[in-house]
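Respectively, the protein sequence lines represent chains L and H. All residue numbers in the first sequence are consecutive under the numbering used here, ending with 643. All residue numbers in the second sequence are consecutive under the numbering used here, ending with 1286.
Heads up, some of the hints might be wrong.
List of simulated lysine-lysine pairs, DSBU-like, C-alpha gap at most 35 Å [what the hints assert, rightly or not]:
{"hint": "1", "chain 1": "L", "residue 1": "408", "chain 2": "H", "residue 2": "701"}
{"hint": "2", "chain 1": "L", "residue 1": "20", "chain 2": "L", "residue 2": "447"}
{"hint": "3", "chain 1": "H", "residue 1": "832", "chain 2": "L", "residue 2": "333"}
{"hint": "4", "chain 1": "L", "residue 1": "392", "chain 2": "L", "residue 2": "286"}
{"hint": "5", "chain 1": "H", "residue 1": "823", "chain 2": "L", "residue 2": "180"}
{"hint": "6", "chain 1": "H", "residue 1": "1049", "chain 2": "H", "residue 2": "832"}
{"hint": "7", "chain 1": "L", "residue 1": "391", "chain 2": "H", "residue 2": "752"}
{"hint": "8", "chain 1": "H", "residue 1": "1051", "chain 2": "L", "residue 2": "109"}
{"hint": "9", "chain 1": "H", "residue 1": "832", "chain 2": "H", "residue 2": "1051"}
{"hint": "10", "chain 1": "H", "residue 1": "1157", "chain 2": "H", "residue 2": "673"}
{"hint": "11", "chain 1": "L", "residue 1": "447", "chain 2": "L", "residue 2": "80"}
{"hint": "12", "chain 1": "H", "residue 1": "833", "chain 2": "L", "residue 2": "121"}
{"hint": "13", "chain 1": "H", "residue 1": "754", "chain 2": "H", "residue 2": "816"}
{"hint": "14", "chain 1": "H", "residue 1": "1166", "chain 2": "H", "residue 2": "891"}
{"hint": "15", "chain 1": "L", "residue 1": "111", "chain 2": "H", "residue 2": "899"}
{"hint": "16", "chain 1": "H", "residue 1": "1034", "chain 2": "H", "residue 2": "754"}
{"hint": "17", "chain 1": "H", "residue 1": "976", "chain 2": "L", "residue 2": "153"}
{"hint": "18", "chain 1": "L", "residue 1": "334", "chain 2": "H", "residue 2": "812"}
{"hint": "19", "chain 1": "H", "residue 1": "976", "chain 2": "L", "residue 2": "103"}
{"hint": "20", "chain 1": "L", "residue 1": "333", "chain 2": "H", "residue 2": "752"}
{"hint": "21", "chain 1": "L", "residue 1": "30", "chain 2": "H", "residue 2": "823"}
{"hint": "22", "chain 1": "H", "residue 1": "701", "chain 2": "H", "residue 2": "764"}
{"hint": "23", "chain 1": "L", "residue 1": "103", "chain 2": "H", "residue 2": "1240"}
{"hint": "24", "chain 1": "L", "residue 1": "334", "chain 2": "H", "residue 2": "764"}
{"hint": "25", "chain 1": "L", "residue 1": "124", "chain 2": "L", "residue 2": "153"}
Computed list of chain L residues with no C-beta within reach of chain H, every gap over 12 Å [what the hints assert, rightly or not]:
{"hint": "26", "residue": "28"}
{"hint": "27", "residue": "392"}
{"hint": "28", "residue": "433"}
{"hint": "29", "residue": "540"}
{"hint": "30", "residue": "567"}
{"hint": "31", "residue": "590"}
Rather than coming from a laboratory, the hints here were simulated on the basis of the structure. C-beta: ideal position from N, C-alpha, C; glycine also.
Number of protein chains: 2
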Amino acid sequence: MQGQLRVYIDNVTPEIESGKYSIAKVVGEKIEVEADIFCDGHDLLRAQIIFRHEDEKKFHTAPMSMMYEDHWRGNFTTDKQGKYYYTIEAWMDHALTWKHSLKRRMEGKEKLNVELLIGAKHLKNIKADADKDDKEEIKKLIDILSDEKHYDKAVKSAMSERVEELIVKYPYKEISTTYKELPLYVDRKKARFSNWYELFPRSTSRELNAHGTFKDVEALVPRLQEMGVDVLYLPPIHPIGTSFRKGKNNSLKARKGEPGVPWGIAGHKEIHPELGTLTDFKSLVKKAGDAGIEIALDYALQCSPDHHYVEEHPEWFTWRPDGTAQYAENPPKKYQDVVPFNFETEDWESLWNELKSIVEFWIEQGVNIFRVDNPHTKSLYFWQWMIAEIKKDYPDTLFLAEAFTKPKLMYHLAKIGFTQSYTYFTWRNSKAEFIEYMEELTQTEVKDYFRPNFWMNTPDILPFHLQNANEAVYITRLFLAATLSSNYGFYGPVYELQSSEALPGREEYLNSEKYEIRNWDWKKDTKLKMLTGIINRARRDNEALQQTNNLQFLNVQNDNLLAYYKESDDGKNKFICVVNLDSTKKQQGFIQTPLEKIGKQEGEIFIAHDLLNDSRWTWSNRWNYVELDPSILPCHLFRIEGD
Amino acid sequence: MQGQLRVYIDNVTPEIESGKYSIAKVVGEKIEVEADIFCDGHDLLRAQIIFRHEDEKKFHTAPMSMMYEDHWRGNFTTDKQGKYYYTIEAWMDHALTWKHSLKRRMEGKEKLNVELLIGAKHLKNIKADADKDDKEEIKKLIDILSDEKHYDKAVKSAMSERVEELIVKYPYKEISTTYKELPLYVDRKKARFSNWYELFPRSTSRELNAHGTFKDVEALVPRLQEMGVDVLYLPPIHPIGTSFRKGKNNSLKARKGEPGVPWGIAGHKEIHPELGTLTDFKSLVKKAGDAGIEIALDYALQCSPDHHYVEEHPEWFTWRPDGTAQYAENPPKKYQDVVPFNFETEDWESLWNELKSIVEFWIEQGVNIFRVDNPHTKSLYFWQWMIAEIKKDYPDTLFLAEAFTKPKLMYHLAKIGFTQSYTYFTWRNSKAEFIEYMEELTQTEVKDYFRPNFWMNTPDILPFHLQNANEAVYITRLFLAATLSSNYGFYGPVYELQSSEALPGREEYLNSEKYEIRNWDWKKDTKLKMLTGIINRARRDNEALQQTNNLQFLNVQNDNLLAYYKESDDGKNKFICVVNLDSTKKQQGFIQTPLEKIGKQEGEIFIAHDLLNDSRWTWSNRWNYVELDPSILPCHLFRIEGD
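One chain only, chain L, in its complex shape:
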């Protein structure tokens, strides 16, 4: 058998590092597969994708077709979560080769007697797999082709389209080549489509200077629901250590009564007493869940020196010759109040298991989403193992990597299993920067394993462009994050209040909540808040806005205007987004509308319905005029609607 093989399959995409890492998709997502497929000689080839869920024995198939010489493409979708394997099978179709050569031979005026007998043989081969009715039909065809007395009738039958249909329907592939199996991980849809709101529970009290509680957060749920939030992310909710506790604005010594940094964790499976009890937390998870909001917790792998791990498992930490533990660093940042784990410990197995059990503990409390603190400063091999293990038992679990690090490392975290990642969006500003970055994310191999989550700000990052910015900037960044990327998030209260007091010359908040309790005005209503609700509802109701890789930039002859197009996989839901990147001046220009995608001819009327202010524009040309005044509304969110 091996020696009878003729077909090669090579250069398969997607295939991440020779199949070492899974591609990442969600239920129902279209997965495009391409490959070079060829053989010696001139026979016709056929190919199909074959795929299966790891729990199933049964394979599914999807057809492939040749795009250009020796290069093939097909696609499939999955309907279940979990791990899949996919590959390609290809074979020489001698019957089809025979069928196609018949026509050529006819034109060459060859006598076809022998060819008809060969055809009868091919039909015998395909008959075995045929359905009952087709089997009968094939049997008759064989008789006709074998009947040398009625040559003209036999030729006519052999030339019929029906014969080709049957050959294609029942491929005879005694000898076929199958590529190696490649892994695919299918998540629930939230992995690709989510919006995050971050707040510190301790700053949610309505009483001045009081320590906020889970009950206070619960009271905010209706407000967040109104804004369309679907993930509420809380920084660590655990007890905070007192050794080397830091004070206001990252001062090295806390004064008496200062609350410390939530990341100075003194017990990963416990709750900070001032926030409430485990019962209170579960009540919050339930209330939020009922309002369509999932709670995301912070998974931060370091310890306050007061953490019981330090005493119970000194072998998990690095000790210096003077008996002290080295504190954590992420240059230039220093974290004097925490000690990192030593992942090179010989006792790594017990360490890995304990760290995994933290995730399991919170999953049991109803949490399915974890924002992972600085994963790039912890063992990558640990992440690869831990995430795979957790997903075997809890496939709903999602992990967001907070890795503001070098590009290759950021992408690598996605390859080894992280569901989503923070990105460089936070520092992209110009039209050229957006186009370059989005093309990297959506047009290269990255699109198959990396899911960006666009954050406008975080407690660690107050980008320069938000400092002393007007409301148009805040609206623009929100709009860009929410429409360029299907996952986005922001550190909510400060963003909503457009509060931007920074440490001088730094992209960091002054009087940051990381080091102190703040009191926010939770009643303030702004245009920004209203638009957040409108944009989030538009996202919820329109499939075109629920993925990132469907992005296509549009021509606009004005470098202050950025325009892009998105449509749903079924092609029914279509959007044109336009953003004025200049927050101070009105900008105008003509946009090149992708009429072919919209399904209109030049001159045919269609409606561009701006969901932000519910206005309707009647367009009928390829180039359409827009004008955006930042003092009114710096963006358009056009849904393209019928005539």
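With chain L fixed as given, assemble chain H onto it according to the hints.
Same frame as chain L, but now just chain H:
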């Protein structure tokens, strides 16, 4: 151990299809290896290439260094033929991390007492592997760093460059990551550097209409030696079948006395009686060998219906329902005088073994080079197996693939083991075409497994640009083939005679030797013949011209002039080639000389020595004027020589 790993190695190049295929190099060739190498955290990394011959247990190493963030490069060379494996090992160097952080800490005015003790620990780790003298020195350093009473002395020692030297010299890599082994096949140098001359032995008689013999070929050896030929390739020398024998100009029926087509083979291990005996053939191999010329035979896997295989092994062929065998086709060409093997036969093992034994038979007669006829129309799996098997026993054997087929298939033949390949050079004409094609061959992955052999013509191909062309065209094509590519060849007698009678409107020779015996004038001397000798000797004497991948195009502000630069691996041998692509008019222009590579500053004098006419030009600028008159000499072959 596995759990203590920290470093990842990914995206390794060269790596052909996940390491499924070998890269192809020759003895002494520089092999550049690159990879993404990274880890969590901020420790310093180190990496090295490790490689071994398959017959050796011992590994060799070569250092790698970081080119830019997370991307590393190194190179190695091999001194033996055969199969090698290479891979990359990388590790976190904690000692080096400590050393580099010391400086930062000094600048931060930290007290270093604990750091010095940590350093002493690192030095203890590296001591184990140190040579005797170094071991003593390290021991002393440990004492100094551990001596808390002499802090300043300890700091000074710790900060010394010698400590870094020792750390680099004796890497402590208790925990290191090793990438998978990748295959490399190392050939003798001829695989990369050869020039081929093709002739039909039957047309070598000095007597009109007589059938040439091996003795006649032997008589031509001195002439070929004078021209600098190093491979003499003979079309099939086997008995020619008589069934369906073809006549002059591919007519379907030979008239009485017509000699037939040499590819209509009636016995693969036999010699056509009119050429002589096996003894005569071996004498030719010997005589040519003494003159530095290797004989290449044609390996053509098909049979005349008269071949004894057809009767002895009917199971190796495809039989039609009427009892006839299907003749071979390579659309649009038809070969009515031969039948192809059926590689899908259930008896494939006996077929494969017999076909391999043909190669072995001729190797035993002294032949080490095979030009393989239309390999793309025979089972690719067979080639992959056969070539690997032959090379195990006869590593000197080289295979040239005659696959004028689709690009992916042409490249695939190289991946599965063919040493060299015919190319599309034969149809490249304009400057833009040359640049595009050469960049594909030398700047993409192709460079690591595909060795082009540039042919100006073949018995099958008389390209339009040679038809009725002047001598300048013939010289230009020769020059381009011989200097762009380190392997080149031509169908000699017709090329030398600039004979270009074609079938009307076709790129095929009229009265082709494939179908009849021709009488050539072996005494004619031309400028072309003289230049062939000069160019071949220049190639033989200058390493820069002995590889293809060192090509770099130079700017010339005239689209009729093509200029390029080549230098040897050691940088000592440097060439600038200039070609006038216009065969009718004088062309001139300024060439941008790569002064940095030449090692000269603007204004410094150097010599451009044209080896074609032994003229010397004194240059001292970046832009240098050249002028080429096709009626005199359409090219320059400048060797750059000292001042």
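These are the hints, each one checked on the structure:
Between residue 408/L and residue 701/H the alpha-carbon distance is near 33 Å, which keeps this suggested pair within the 35 Å criterion. Between the alpha carbons of residue 20/L and residue 447/L the distance comes to roughly 17 Å, so the proposed pair stays at or under 35 Å and holds. The straight-line distance between the Cα atoms of residue 832/H and residue 333/L is roughly 55 Å, outside the 35 Å bound, and the hint therefore fails. Of the pairs offered as hints, the one joining residue 392/L and residue 286/L holds, with about 24 Å between alpha carbons and a cut-off of 35 Å not exceeded.
Of the pairs offered as hints, the one joining residue 823/H and residue 180/L holds, with about 17 Å between alpha carbons and a cut-off of 35 Å not exceeded. Only pairs whose Cα atoms come within 35 Å are accepted, and residue 1049/H paired with residue 832/H is accepted, the gap being roughly 28 Å. Taking the CA atoms of residue 391/L and residue 752/H, the gap is near 47 Å; set against the 35 Å cutoff, the hint is violated. For the suggested pair residue 1051/H and residue 109/L, the alpha carbons sit about 34 Å apart, so the restraint of at most 35 Å is met.
With a CA separation close to 26 Å, the supplied pair residue 832/H and residue 1051/H stays within the 35 Å bound. Taken as a hint, the residue 1157/H and residue 673/H pair is broken in the structure, with Cα atoms around 41 Å apart against an allowance of 35 Å. Restraint check for residue 447/L and residue 80/L: the C-alpha separation of about 21 Å stays at or below 35 Å, so the hint holds. This hinted pair does not check out: residue 833/H and residue 121/L have alpha carbons roughly 49 Å apart, beyond 35 Å.
Restraint check: the Cα-Cα separation between residue 754/H and residue 816/H comes to about 29 Å, which is no more than 35 Å; the hinted pair holds. Taken as a hint, the residue 1166/H and residue 891/H pair is honoured in the structure, with Cα atoms around 26 Å apart against an allowance of 35 Å. Between residue 111/L and residue 899/H, the direct Cα distance comes to roughly 29 Å. Compliance with the 35 Å bound is thereby established for this hinted pair. Restraint check: the Cα-Cα separation between residue 1034/H and residue 754/H comes to about 64 Å, which exceeds 35 Å; the hinted pair is violated.
Taking the CA atoms of residue 976/H and residue 153/L, the gap is about 31 Å. The hint holds against a cut of 35 Å. For the given pair, residue 334/L sits about 32 Å from residue 812/H by alpha-carbon distance, which is consistent with the 35 Å threshold. Distance check on the hinted pair: residue 976/H and residue 103/L sit about 18 Å apart at the alpha-carbon level, within 35 Å; holds. The suggested pairing of residue 333/L with residue 752/H holds, with an alpha-carbon distance near 17 Å, which does not exceed 35 Å.
At most 35 Å may separate the alpha-carbon atoms for a hinted pair to count; residue 30/L and residue 823/H meet this at roughly 32 Å. With a C-alpha separation of about 31 Å, the suggested pair residue 701/H and residue 764/H falls inside the 35 Å cut-off, and the hint holds. Distance restraint check for residue 103/L and residue 1240/H: the Cα-Cα separation of roughly 60 Å exceeds the 35 Å cut-off, and the hinted pair is therefore not satisfied. Distance restraint check for residue 334/L and residue 764/H: the Cα-Cα separation of roughly 24 Å lies within the 35 Å cut-off, and the hinted pair is therefore satisfied.
Using a Cα cut-off of 35 Å, the hinted pair residue 124/L and residue 153/L holds, with the two alpha carbons roughly 19 Å apart. The non-interface label for residue 28/L is consistent with chain H: the shortest C-beta to C-beta separation is roughly 30 Å, beyond 12 Å. A cut-off of 12 Å between C-beta atoms confirms that residue 392/L is not in contact with chain H; the least separation is 18 Å. Annotated as non-interface, residue 433/L keeps its C-beta farther than 12 Å from every C-beta of chain H; the closest such distance is 19 Å.
A cut-off of 12 Å between C-beta atoms confirms that residue 540/L is not in contact with chain H; the least separation is 37 Å. At roughly 32 Å from the closest C-beta of chain H, the C-beta of residue 567/L stays outside 12 Å, upholding its exclusion from the interface. No Cβ of chain H approaches the Cβ of residue 590/L within 12 Å, the least distance being about 35 Å, so the stated non-interface status holds.
Hints 3, 7, 10, 12, 16, 23 from the list above are not met by this structure, while the remaining hints are.
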